Amino acid sequence: MEQQAYIEKLKPILAPYAKDQEALQHLTRETSFIRDLKINSANLVDVVLDVEEAFDVEIDNESMEQMLTVGAAIDIVEAKLSSR
Amino acid sequence: MIGNDIVDLACAAEESDWQRKGWLQKLFTAAEEQLIFAAQQPRLMVWLLWSMKEAAYKIWNRESGLSRLMPLRFICTDVRLEDNAAYGTVVFEDQVYPTQSRITVDFVHTLALEQNNFGGMAVYINDTAETMAVPGYALFRDAKGLPFLQDKLTGGIRVVSLSHHGRFKAMVFPE
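Residue numbers (the numbering used here), protein chains in the order written: chain A, 1037 to 1120; chain B, 12 to 186.
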């Protein structure tokens, strides 16, 4: 899957939690969930659960630690998908 | 160093479904889950424990300069819940952070420290749209975005911890 395809698939997942809709429209690998999208920290776990469901992967706690940007989320999902 | 976290309980109820499948398991240890389900108000215990973890994490985050999503590694222990307050300890690796929380029908506010020195801390909480201010001090952020207070007369600088959620803003600094 291309990076842009991942980004397009992540956008609707992040939409309900993103308080900065402008930043959401300009999503890049560098976009930070907290600093840019202003997602409430308690909702980061919802993002992880939604990503697990959308891509049918299981994100272990060690991977979750890094899942604070769009790029990190893509890398984690890619790694999980390619390891099976 | 100090860390604080405020949870607007009405906002939390709206934004988060703590009973969502898998949600508690990503945030809380088995022992913490037991505390939640044994509590008279499980939902309140969820947000109390979460604010304890967040307040302690903010100390670690500020000192390390790193960001991580690792709530399970900030472990709440010795939690003592009273009517309008709670006391406890958050352990992360070899760090131990004592915490003190204020609880109202509207919010839970937790202050975490590296040493038990709660008496020396000034805590401001407000629910207005106004920017928080301390008379005689200017609030500024350094190049990393970390907040500090500067005495307008002497130029002296002190650390400040800020937090906001929903209707509430909180500010804590050493007096």
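No wet-lab data here; the hints were simulated from the structure.
Because the structure is a prediction, the values reported are computed rather than measured.
It is possible that some hints are incorrect.
[To be verified] Looking from chain B toward chain A, a few residues come up when the C-beta cut is under 7 Å (computed):
hint: 1; residue: Ser27
hint: 2; residue: Gly33
hint: 3; residue: Lys37
hint: 4; residue: Leu38
hint: 5; residue: Leu77
hint: 6; residue: Ser78
hint: 7; residue: Leu80
hint: 8; residue: Val102
hint: 9; residue: Phe103
hint: 10; residue: Arg178
[Unchecked claim] No farther apart than 16 Å at their CA atoms in a straight line, the calculated lysine to aspartate or glutamate pairs in the EDC-like style are these:
hint: 11; chain 1: B; residue 1: Lys37; chain 2: A; residue 2: Glu1098
hint: 12; chain 1: B; residue 1: Lys180; chain 2: B; residue 2: Asp138
hint: 13; chain 1: B; residue 1: Lys37; chain 2: A; residue 2: Asp1111
hint: 14; chain 1: B; residue 1: Lys37; chain 2: A; residue 2: Asp1096
hint: 15; chain 1: B; residue 1: Lys32; chain 2: A; residue 2: Glu1098
hint: 16; chain 1: B; residue 1: Lys37; chain 2: A; residue 2: Glu1114
hint: 17; chain 1: B; residue 1: Lys37; chain 2: A; residue 2: Glu1058
hint: 18; chain 1: A; residue 1: Lys1055; chain 2: B; residue 2: Asp138
hint: 19; chain 1: B; residue 1: Lys37; chain 2: A; residue 2: Glu1044
Glycine residues also receive a C-beta, built at the ideal position from the N, C-alpha and C atoms.
- Message: If you test the structure against every hint from before, which numbers come out violated?
- Response: 5, 8, 9, 10, 13, 15, 16, 17, 18, 19
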